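Asks: Sequence:
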Amino acid sequence: MILTYEKIREVKLNEKGEKLQKLPPNFFENAFNYIKLKKGTYEETSATSLVFSIFELRLKKIVNLAILLHKTNQILENLEPEEEKFYLELVEKLREFKDEFRRKYEFVEKNDKNNIETQKVKFLVDLPEIFLPSLGVCCFRKNEIKEIEKEIANFLLKKGFCELVN
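Residue 109 in the numbering used here sits at position 102 of the sequence shown, with consecutive numbering throughout.
Hints in this document: simulated from the structure, not taken from any laboratory. Predicted model, so just to flag it, every value in this text is computed and none were measured. Check before you lean on any hint, since a few could be wrong.
[What the hints assert, rightly or not] In silico lysine-lysine, DSS-like type, Cα no more than 27 Å apart, as pairs:
#1 Lys92 to Lys19
#2 Lys68 to Lys92
#3 Lys29 to Lys67
#4 Lys26 to Lys111
#5 Lys105 to Lys68
#6 Lys129 to Lys26
#7 Lys92 to Lys129
#8 Lys46 to Lys19
#9 Lys78 to Lys29
#10 Lys166 to Lys127
#11 Lys67 to Lys92
#12 Lys19 to Lys67
From just these sequences and the hints, can you work out the full model?
Replies: What follows is the structure, given as structure tokens:
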């Protein structure tokens, strides 16, 4: 397929959408062949800019999808062969990073849990997101009963957000 400047622009406009678009066969290779033909012209500069912009848009989508989908073994549609290789390597790195984080966090969590005093409380109001060292970011609903750190329980008791449960 012979690419034109208009076709490259069309690909970029399509790629601006949310989904990863199917590219024409050998798009990047053909695009750079087109750019070589236009060497020394304004079209060379403009087409180069468009092609790199397409690359950046696709890269951003691939990275975002890898973050969202690294828990599954889903292969994305519309990936060029190089992009698929990059995606699979990125997914593997994300999994390794997450596993390492879990191993490290679980080690710390096991050591720290033995030293934390907790209290059982019943929440009197809905609490939107709050951060608790033992639970991370969490929400509590009115009438929910939960065991939380004594220090935090005392603070929430003073503010009238909860009451002690025996």
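Asks: Of all the hints numbered above, which does this structure not satisfy? Sort the numbers upward.
Replies: 4, 6, 7
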